[in-house]
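A.B. asks: Chain residues, written in single-letter form:
2 protein chains.
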Amino acid sequence: MSQNVYDNDLFFEKYRELRNNQDNYNTLIEQPAIKALLPDLKGKTVLDLGCGYGNNCIDFIKKGALSVVGIDISHKMLEVARKENPNELVEYMLMDMNKIGSLTQRFDLVFSSLAFHYVKDFKKLLYDIRVLLNDGGILLYSQEHPYTTAPKVGPTWTKDEYGNKVHYNLSDYMHSGKRYSKWFIDNVEKYHRPISEVINSIISEGFIINSIVEPVPDKYALDRRPDFKDEFDKTTCIIIKGTKA
Amino acid sequence: MSQNVYDNDLFFEKYRELRNNQDNYNTLIEQPAIKALLPDLKGKTVLDLGCGYGNNCIDFIKKGALSVVGIDISHKMLEVARKENPNELVEYMLMDMNKIGSLTQRFDLVFSSLAFHYVKDFKKLLYDIRVLLNDGGILLYSQEHPYTTAPKVGPTWTKDEYGNKVHYNLSDYMHSGKRYSKWFIDNVEKYHRPISEVINSIISEGFIINSIVEPVPDKYALDRRPDFKDEFDKTTCIIIKGTKA
Numbered sequence: 001m002s003q004n005v006y007d008n009d010l011f012f013e014k015y016r017e018l019r020n021n022q023d024n025y026n027t028l029i030e031q032p033a034i035k036a037l038l039p040d041l042k043g044k045t046v047l048d049l050g051c052g053y054g055n056n057c058i059d060f061i062k063k064g065a066l067s068v069v070g071i072d073i074s075h076k077m078l079e080v081a082r083k084e085n086p087n088e089l090v091e092y093m094l095m096d097m098n099k100i101g102s103l104t105q106r107f108d109l110v111f112s113s114l115a116f117h118y119v120k121d122f123k124k125l126l127y128d129i130r131v132l133l134n135d136g137g138i139l140l141y142s143q144e145h146p147y148t149t150a151p152k153v154g155p156t157w158t159k160d161e162y163g164n165k166v167h168y169n170l171s172d173y174m175h176s177g178k179r180y181s182k183w184f185i186d187n188v189e190k191y192h193r194p195i196s197e198v199i200n201s202i203i204s205e206g207f208i209i210n211s212i213v214e215p216v217p218d219k220y221a222l223d224r225r226p227d228f229k230d231e232f233d234k235t236t237c238i239i240i241k242g243t244k245a
Numbered sequence: 001m002s003q004n005v006y007d008n009d010l011f012f013e014k015y016r017e018l019r020n021n022q023d024n025y026n027t028l029i030e031q032p033a034i035k036a037l038l039p040d041l042k043g044k045t046v047l048d049l050g051c052g053y054g055n056n057c058i059d060f061i062k063k064g065a066l067s068v069v070g071i072d073i074s075h076k077m078l079e080v081a082r083k084e085n086p087n088e089l090v091e092y093m094l095m096d097m098n099k100i101g102s103l104t105q106r107f108d109l110v111f112s113s114l115a116f117h118y119v120k121d122f123k124k125l126l127y128d129i130r131v132l133l134n135d136g137g138i139l140l141y142s143q144e145h146p147y148t149t150a151p152k153v154g155p156t157w158t159k160d161e162y163g164n165k166v167h168y169n170l171s172d173y174m175h176s177g178k179r180y181s182k183w184f185i186d187n188v189e190k191y192h193r194p195i196s197e198v199i200n201s202i203i204s205e206g207f208i209i210n211s212i213v214e215p216v217p218d219k220y221a222l223d224r225r226p227d228f229k230d231e232f233d234k235t236t237c238i239i240i241k242g243t244k245a
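Read top to bottom, the protein sequences are chains V and H.
So in full-length UniProt numbering the end of the first sequence lands on 245, straight run, no missing numbers.
So in full-length UniProt numbering the end of the second sequence lands on 245, straight run, no missing numbers.
This is chain V alone, in the form it adopts within the complex (with noise of 0.2 Å):
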């Protein structure tokens, strides 16, 4: 089974801490951004894989999709998700991604944000995913961006004498594989891809890629988050959507 932080006590409540600033990476630059690829969701069924708290589930049937299934591997997300974000048209279910294989429904569009730098077999994860869509589905997904997720060791950011980033420290960028990394908790498990592979995988399971975003912050996003300024030396995360083949 795949690592499931997200039910680590400690990682739990500062996760939440964080999400309950409005103005974090996600909220600021990375929700708007992925949102802004949706397709039309009028009548479609979706699937969310990581869904957390559900908010983007109850987004979706806001946004006239018949139904949704919100998966996450973290029991205590799931109870936020049902306590805050019950919803009749919503189905939460405790799932490991690597498990949705055993899913009967079908999609219409298949949507993730920033999970799959978790996942291990990024091609069994796309292979599983092409068959739940529907003919013309979608997948719609933000991944930590592969520069992220590169180094293996050692600080990731070059500062001057103020404190100041002045670049990022890139390497080990062509080595595919696990990443620990330390988000609240020591340990957490990532694996890195090239954007190459990422781009080739995608492809070479049956998609056609529509786009790719680097998302970069706004006005607005500058202002209530100067330090964001930094997203235009090394942007944290990328956007991709492809149409099944």
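Just so you know, these hints were derived from the structure itself, not from any lab.
Hints should not be assumed to be uniformly reliable.
As the list makes no split between identical chains, a pair holds if one copy fits it or if it spans any two.
Straight-line alpha carbon distances no greater than 27 Å define the calculated DSSO-like cross-link-like pairs of lysine-lysine that follow [unchecked claim]:
1. 219 - 152
2. 120 - 229
3. 219 - 244
4. 152 - 165
5. 83 - 182
6. 152 - 229
7. 190 - 229
8. 76 - 182
9. 219 - 178
10. 123 - 244
11. 190 - 120
12. 152 - 182
Computed from a predicted model, the values in this text were never measured in an experiment.
Got chain V sorted already, so can you dock chain H onto it with the hints?
C.D. replies: Just chain H now, with coordinates in the frame of chain V:
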């Protein structure tokens, strides 16, 4: 008109020295990787953008191409091409890449090796290429990797006390636009585009992306050039293959 550094005497001589050394980046890494993606050329027509000395034009004929047009902005490069690589099936033309819209022939393959990062208007180039391609035609090209073109100033590598490269200093990645670099001579003009801009431009101008390669050295290359191990930290070029949609 575009910058034409290859007709600068000093640049031309230094570049010729570099390419005459058989153990250079192009021969050991870029060329094997891009050649591996060539389609079957038997009976096909090929356009080589930035053909330089014409070596690839001759190779396409050896691989069975019906005819090849090689264009280059440099009179000096074409002089070498006509002298060292003449062939009745190859036509060398002095032409700026932003003028290819004036060509009346049509091609099955448009090929380009490490030249597109000199082009200011990438979308216009792609538009022109698509018009020049027959149905089902292929675009296969390499360019400097967006990591390579990104930094506006400063040393691009951090080295340890022994002079070994530790990590690449990535900055200005999301700032698309002109860059000046020193390569034999000062102020060589290049155009940086983030990978998302590159890929989305290709898609929006009417191509389906087939594959992307970030080439790395194999054992043979590493034996001859141990310094090429740094390509695993930061790949120098990217190769993209697309089909006319």
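A.B. asks: For each hint, tell me whether it holds in the structure or not.
C.D. replies: Taking the hints in turn, this is what the structure says about them:
Taking identical chains as interchangeable, the C-alpha atoms of residue 219 and residue 152 lie at most 27 Å apart only when they sit on different chains, with a minimum of 23 Å there against 33 Å within one chain. In the homo-oligomer, the alpha carbons of residue 120 and residue 229 lie at most 27 Å apart only across protomers (26 Å), although the nearest pairing inside one protomer, at 31 Å, exceeds that limit. Within a single copy, residue 219 and residue 244 get their C-alpha atoms no closer than 35 Å, and across copies no closer than 37 Å, so neither meets the 27 Å cut-off. In this assembly of identical chains, the alpha carbons of residue 152 and residue 165 lie at most 27 Å apart whether taken from the same copy (19 Å) or from different copies (15 Å).
Taking the shortest Cα distances, residue 83 and residue 182 never come within 27 Å of each other, neither inside one copy (29 Å) nor across copies (60 Å). When the C-alpha separation of residue 152 and residue 229 is checked against a cutoff of 27 Å, the pair qualifies both within a copy, at 24 Å, and between copies, at 16 Å. Taking CA atoms no more than 27 Å apart as the test, residue 190 paired with residue 229 passes in both settings, with 25 Å inside one copy and 24 Å between copies. In this assembly of identical chains, the alpha carbons of residue 76 and residue 182 lie at most 27 Å apart only when taken from the same copy (20 Å versus 55 Å across copies).
Taking the shortest alpha-carbon separations for residue 219 and residue 178, only the inter-copy value of 23 Å comes in at or below 27 Å, while the best intra-copy value is 35 Å. In this assembly of identical chains, residue 123 and residue 244 lie within 27 Å of each other by CA distance both inside one copy and across copies; the values are 14 Å within and 26 Å between. Taking identical chains as interchangeable, the C-alpha atoms of residue 190 and residue 120 lie at most 27 Å apart only when both belong to the same chain, with a minimum of 8 Å there against 37 Å between chains. Only within a single protomer do residue 152 and residue 182 lie at most 27 Å apart by alpha-carbon distance; the minimum there is 12 Å, versus 31 Å between protomers.
When held up to the earlier numbered hints, the structure conflicts with 3 and 5 and fits the remainder.
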